[in-house]
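Chemist: Residue numbers (the numbering used here), protein chains in the order written: chain A, 1 to 161; chain B, 1001 to 1206.
It is worth saying that the hints were derived from the structure and are not from the lab. Owing to the predicted nature of the structure, the values given are computational and were not obtained by experimental measurement. Be careful, since some hints might not be right.
With the C-beta cut set under 7 Å, the calculated list includes, among others, these residues of chain A facing chain B [unchecked claim]:
| id | residue |
| --- | --- |
| 1 | I22 |
| 2 | G25 |
| 3 | S28 |
| 4 | M48 |
| 5 | T53 |
| 6 | A55 |
| 7 | R56 |
| 8 | E59 |
| 9 | P70 |
| 10 | F97 |
| 11 | R107 |
| 12 | V108 |
| 13 | Y136 |
Straight line, CA to CA, 35 Å or less: simulated DSBU-like cross-link-like pairs of lysine-lysine [to be verified]:
| id | chain 1 | residue 1 | chain 2 | residue 2 |
| --- | --- | --- | --- | --- |
| 14 | A | K83 | A | K152 |
| 15 | A | K6 | A | K152 |
| 16 | A | K6 | B | K1038 |
| 17 | A | K156 | A | K121 |
| 18 | B | K1205 | A | K6 |
| 19 | B | K1205 | B | K1017 |
Even glycine gets a Cβ: it sits at the ideal position worked out from N, Cα and C.
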Amino acid sequence: MAELIKVGMADYKVGTNPALLISYGLGSCVGIALYDPVAKIGGLAHIMLPDSTQARSTENPAKFADTCLPIMLAELIKGGAIKSRITAKIAGGAQMFTFANTTDIMRVGERNSEAVREVLKRMDLRLIAEDTGGNYGRTVELNLGNGIFRIKTIDKGEKEL
Amino acid sequence: MSEEVLKLSDLQLDALKEVGNVGAGNAATALSQIINRKIDMAVPQVSILPLGEVPNVVGGPDMMVAGVYLRVYGPAPGSILFLLPRDSAFYLVDTLMGRGERDSNTLDEMDQSALLEIGNILAGAYLNSLSYFTKFTLLPSIPALAMDMAGAILSVVLIQLGQMGDHALVIETEFTTEADGVRGHFFLIPDPGSLGTILAAIGVKV
């Protein structure tokens, strides 16, 4: 059995083959998997908010898309990854509750996914697959042996990216 | 910026616990009348938790739960979330509908409507007590329902809190029926800023 490394909310973890990086119960948060298939090293982030510049508390950089990704990338490169080989896959960004008048607060899932795409682009990281949106939770798992990003849901089945 | 919730005194936490106690007491009485069963209520917990640890209160982020979510409007806005493990949600609606054995693992439209109404009544009962203590008019929004992983459902409120800090003040009460049919967790999560307003109104502002 490969080692199972859990990634909590507003956190990220980096690991090398053989290991699985797993994050349970993503709702409006977004899970971002970065993987270098040659070095077989990868990272999984579980971000809560799109943008650290619009928040009052920025003590934990892993909470935001724009501050978490650079740190995780630096750690991957330090561990032997080469940036041009790294690919990104993302999942999450759901809207769990539907109200008649959807406010900005309720659309945070959508805004999170958008922000993550933007940050990846700005950092010149290739986004090769995603499973975002909807109104259901996801558990995500990155296999550091082959880069497969598995997405499990309660009643929307299982998916591999 | 240091966080407001980390600076609460014991006196303030006790005051919040008492508000939670009376509110949850009202809600438990309402629930007991709806399903015509005796309901036991644990002493409310007032805890200040790192955001990522909040899902552990209900059994972990991948625990399957039903959640009824309402916004609270008024001078001290916030969120109310009523979480039930999936089996408890089934038990609750089946009891309410007078059904015996359940043959499916889904909630039909009527079941969902019943759960929403229960959430509505519980929130109303809870807010009544909060209004009484604070002298504020606090009104609940229309409820919304989701059946999913606890982490995913809680993320809705945790993200709101995450904009202001890394900790959540959770006023949480556990309900159980004597026949261990229903367990539920009731969360009151004040919006950032509302906490000070509530504390000032109940007279324990430092």
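Chemist: Taking the hints in turn, state whether each one holds.
Modeler: Right, here's what the structure says about each hint:
Taken as an interface hint, I22/A does not check out: its beta carbon lies about 10 Å from the nearest beta carbon of chain B, beyond 7 Å. A cut of 7 Å between beta carbons decides the hint on G25/A: the least distance to chain B is about 2 Å, and the hint holds. Because the closest C-beta pair between S28/A and chain B is about 5 Å apart, less than 7 Å, the hint holds. With a cut of 7 Å, the hint placing M48/A at the interface with chain B holds, because the nearest CB-to-CB distance is about 5 Å.
With 7 Å as the threshold, the beta carbon of T53/A stays out of range of chain B, its nearest partner Cβ sitting at about 12 Å, so the hint is violated. Residue-level restraint check for A55/A holds (minimum Cβ-Cβ distance to chain B is 5 Å; threshold 7 Å). Among the interface hints, the one on R56/A holds; its C-beta lies about 5 Å from the nearest C-beta in chain B, closer than the 7 Å criterion. Hint status for E59/A relative to chain B: holds, with the closest Cβ pair at about 6 Å, below 7 Å.
Using the Cβ-Cβ criterion of 7 Å, the hint placing P70/A at the interface with chain B is not satisfied: the shortest such distance is roughly 19 Å. Contact between F97/A and chain B, as hinted, is supported at the beta carbon level, the nearest pair being about 4 Å apart and thus within 7 Å. Because the beta carbon of R107/A sits about 11 Å from the nearest beta carbon in chain B, more than 7 Å, this interface hint is broken. A distance limit of 7 Å between C-beta atoms decides the matter here; for V108/A the minimum to chain B is near 5 Å, and the interface restraint holds.
Using the Cβ-Cβ criterion of 7 Å, the hint placing Y136/A at the interface with chain B is satisfied: the shortest such distance is roughly 6 Å. With a C-alpha separation of about 28 Å, the suggested pair K83/A and K152/A falls inside the 35 Å cut-off, and the hint holds. Simply put, K6/A and K152/A have alpha-carbon atoms about 15 Å apart, close enough for the 35 Å limit, and the pair holds. Under the criterion of a C-alpha separation no larger than 35 Å, the hint pairing K6/A with K1038/B is inconsistent with the structure, at around 40 Å.
Distance restraint check for K156/A and K121/A: the Cα-Cα separation of roughly 29 Å lies within the 35 Å cut-off, and the hinted pair is therefore satisfied. At most 35 Å may separate the alpha-carbon atoms for a hinted pair to count; K1205/B and K6/A exceed this at roughly 40 Å. Between K1205/B and K1017/B, the direct Cα distance comes to roughly 15 Å. Compliance with the 35 Å bound is thereby established for this hinted pair.
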